[in-house]
Amino acid sequence: MDFEISAMLDWQQRGMNARVLGLSACKNPVAPYLEKASCPREKDSWSQKAEAWLFGWNIEDAARAS
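Residue numbers (the working numbering): 1 to 66.
In short, the hints are calculated from the structure, not lab data.
Just so you know, even glycine gets a beta-carbon here, dropped at the ideal spot from N, CA and C.
Treat the hints with caution; some may be incorrect.
Unchecked claim - What follows is a set of in silico ranges between Cβ atoms, one per label pair, in the way DEER data are often shown:
hint: 1; residue 1: R64; residue 2: P40; range: 31 to 41 angstroms
hint: 2; residue 1: R41; residue 2: S6; range: 18 to 28 angstroms
hint: 3; residue 1: A65; residue 2: P40; range: 29 to 39 angstroms
hint: 4; residue 1: S24; residue 2: S66; range: 12 to 22 angstroms
hint: 5; residue 1: P32; residue 2: A7; range: 11 to 21 angstroms
hint: 6; residue 1: K27; residue 2: A65; range: 31 to 41 angstroms
hint: 7; residue 1: S66; residue 2: R41; range: 33 to 43 angstroms
Using the sequences and the accompanying hints, generate a full structural model.
Written out as structure tokens, the structure is:
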């Protein structure tokens, strides 16, 4: 479980970094993997990463809007 938390925090940080670099929210690098996932378990795993990336992106976006 610690690995999962660490992985999600990593994807959040990646999303924050993407926002700092000026990438838009639609440039989520996980999206292509999510679309290619064949089994439900794999799709769920990629979905969690995509959501974590977007969450990090939104956190950074909100911080910049303040």
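Here is what the structure says about each hint:
no.	hint	verdict
1	R64 x P40: 31 to 41 angstroms	holds (36 angstroms)
2	R41 x S6: 18 to 28 angstroms	holds (20 angstroms)
3	A65 x P40: 29 to 39 angstroms	holds (36 angstroms)
4	S24 x S66: 12 to 22 angstroms	holds (19 angstroms)
5	P32 x A7: 11 to 21 angstroms	holds (18 angstroms)
6	K27 x A65: 31 to 41 angstroms	violated (19 angstroms)
7	S66 x R41: 33 to 43 angstroms	holds (39 angstroms)
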